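> Protein chains in written order, with our numbering: chain E, 1 to 348; chain V, 1 to 247.
Hints in this document: simulated from the structure, not taken from any laboratory.
Source: prediction; values computed, not measured.
Be careful, since some hints might not be right.
Claimed, not checked - Below, simulated BS3-like cross-link-like pairs (lysine-lysine); rule was C-alpha separation at most 25 Å, straight line:
(1) V:K117 with V:K175
(2) V:K115 with V:K145
(3) V:K115 with E:K9
(4) V:K15 with E:K343
(5) V:K112 with E:K342
(6) V:K115 with V:K143
(7) V:K175 with E:K9
(8) E:K9 with V:K145
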Amino acid sequence: MSIFQSLIKKEMLHLLRDFRTVTVVLVMPVVLLLLFGFAISTEVNNVKVVAVVEHHTDETKQIIDRFRHNSYFTFEGVVTHNDVESLLRKGLADAAIVFRTEGGKLKHQIVVDASNTTMAQTSTAYLENVICSATGIPVVTNTLYNPQLKSAYNFVPGIMGMIFILICAMMTSVSIVSEKETGTMNLLLVSPVHPRTIILGKLVPYFLLSCIILTLVLVLGYTVLGLPFSFSVINVIWVTILYVILALALGLLISTIASTQVSALLVSGVMFMIPVVLLSGMIFPVENMPLVLQWLSCIIPARWYISAMRVLMIQQLPVGYVLTEVLVLSGMTLVVLALAIKKFNTKK
Amino acid sequence: MDKETVISVKDLTKKFGNFTAVDHITLQVRRGEIFGFLGANGAGKTTAMRMLCGLSLPTSGTGTVAGYDILRQAEEIKRHIGYMSQKFSLYENLTVWENLNLFATIYGMSAKRIKEKTDAVFRALGMENMRNVLVKEIPLGWKQKLAFTAATLHSPDVVFLDEPTGGVDPSTRRKFWEMIYRASSEGMTVFVTTHYLDEAEYCSRISIMVDGRITALDSPAGLKRQYHAGTMDEVFRIVAKDAKREN
């Protein structure tokens with residue numbers, strides 16, 4: 001067996017014998033995908049609506065009828081003006097529509113419980129849609145790429161962006177730093193093994209693990225979550241591999257800075273987890289952020305990866321549409337890798 | 001340099017910024033010698049040892065280890081030395097045999113030779129039944145023996161032992177020194193740092209480092225004569241009394 005093979009075998013054995021970690025690493029993506037896909041949904045169902053009507057007309061009757069038959073709403077009845085506030089307060093209604101006739105024209109006002117902003121925004125949009133289509137100025141909205149506005153697979157790119165950074169950067173940095181802590185890294189450095197071989201021997205096992213996770217995520221995404229399957233899955237795979245390599249390089253860089261496993265965990269947690277969740281566009285759209293945060297988000301690899309994945313996975317566009325993202329990710333990989341190797345090699 | 005000199009350094013110096021960790025040390029170690037490298041914490045022992053192992057480049061000075069230049073042939077040096085760290089470092093989640101096999105492979109031993117050597121070692125140490133036990137499950141004393149075996153399985157010219165007996169009870173320490181003697185009688189040079197001054201008596205020659213410099217270098221008997229001291233402990237106290245660096 002060559003030195004390189006035996007180093008990889010060592011790392012694999014170490015990983016496999018740490019049964020709990022492997023379980024967490026393999027189960028976490030599945031749980032996250034299913035949670036975000038099904039439990040956490042930005043779709044709004046069963047919005048409880050009441051109406052306040054000054055004068056019943058054909059028009060108001062028609063609108064109320066539409067609410068009665070719409071599956072997104074539960075129509076709770078016509079109430080008086082004074083009841084609205086208490087109903088909203090008690091949570092018996094989520095929204096109220098007030099109809100008034102001014103100069104022979106029907107006007108409406110929507111009062112909505114905004115204690116949950118996401119729900120308030122979405123249900124207001126629904127309500128307006130229903131009212132507009134009934135009053136004769138229909139707004140035709142055409143949703144491309146995700147026609148049913150399903151949130152189940154919308155989260156897949158975001159989850160992937162988070163999982164690979166977490167697993168690759170965190171696990172590699174922790175495993176390298178733990179070798180520093182136990183002193184085995186010193187044994188390797190004092191041995192004739194080239195530092196390059198030591199680094200690769202550390203990275204390759206985690207790369208393989210990431211490939212297994214990628215397969216898992218893709219299978220789940222295309223079956224359970226119902227991602228549209230097409231040829232672009234090839235592009236998804238190779239862009240993800242690029243991202244995994246970047247994440248591994250980041251892990252290596254952290255391991256050259258951190259001296260204990262705890263600090264490696266903290267650094268990768270603080271440096272990656274939080275920005276990835278908040279700034280990468282995984283949950284909050286980058287375009288809506290203040291300009292400063294938009295600039296800041298540019299240095300976060302996940303932002304580019306997630307945006308590329310949205311194009312490749314959900315829009316299914318050819319790779320030409322994500323050239324910027326791919327170039328940025330490649331550039332980042334080269335810089336981080338160069339930095340990490342330089343720092344790792346330094347003879348103190 | 002004659003053939004029997006295994007380590008030879010002259011005016012070896014290492015500076016970190018304004019701080020001189022190792023200050024012009026000069027020493028020679030002969031083949032088969034057990035060379036004790038003593039000094040208080042912070043005296044510069046570890047830095048000096050790192051330079052000898054090819055892990056760190058000296059700021060100035062020259063030297064050879066196992067016949068190779070420490071400035072230009074660090075890779076060759078690494079091939080001809082063994083190193084045991086003070087924490088008896090081994091891979092805890094690998095078995096005894098897997099650890100030995102890994103390090104022997106790293107040092108370029110063939111599968112056949114590894115098998116012969118490990119079989120012999122397991123027999124000699126009475127460890128046959130421990131072959132497939134995870135290292136984290138064996139007692140500290142065995143871990144120490146195993147770490148020494150891992151460092152010497154490829155029959156290096158010199159083996160560097162960095163405080164190899166820390167935290168181990170006296171009878172295990174004595175047994176460990178028997179292993180060191182056996183290795184040295186087979187022609188292996190042993191370069192050992194230690195905090196235990198009674199262990200210094202077991203060495204063929206000793207150097208004592210104070211504030212980055214070697215202030216005393218001789219056989220234990222010679223040093224005791226020189227400083228009119230009864231034990232190595234007294235010698236050390238006399239030599240180190242002017243130390244300025246704090247621990």
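> Between K115 of chain V and K145 of chain V, does the CA-CA distance stay at or below 25 Å?
18 Å, holds
> Would the pair K112 of chain V and K342 of chain E pass a check requiring their Cα atoms to be no farther apart than 25 Å?
Violated - the C-alpha atoms of K342 of chain E and K112 of chain V are around 37 Å apart, more than 25 Å.
> Take the C-alpha atoms of K117 of chain V and K175 of chain V, compute the straight-line distance between them, and say whether it is at most 25 Å.
21 Å, holds
> Is the hinted pair K175 of chain V and K9 of chain E satisfied, with a Cα-Cα distance of at most 25 Å?
33 Å, violated
> Taking only the CA atoms, is the gap from K115 of chain V to K143 of chain V under or equal to 25 Å?
20 Å, holds
> If you draw a straight line from the CA of K15 of chain V to the CA of K343 of chain E, is it 25 Å or shorter?
19 Å, holds
> When you check the alpha-carbon spacing of K9 of chain E and K145 of chain V, does it fall within 25 Å?
24 Å, holds
> If you draw a straight line from the CA of K115 of chain V to the CA of K9 of chain E, is it 25 Å or shorter?
18 Å, holds
Taken one by one, the earlier hints fail for this structure at numbers 5 and 7, listed in ascending order.
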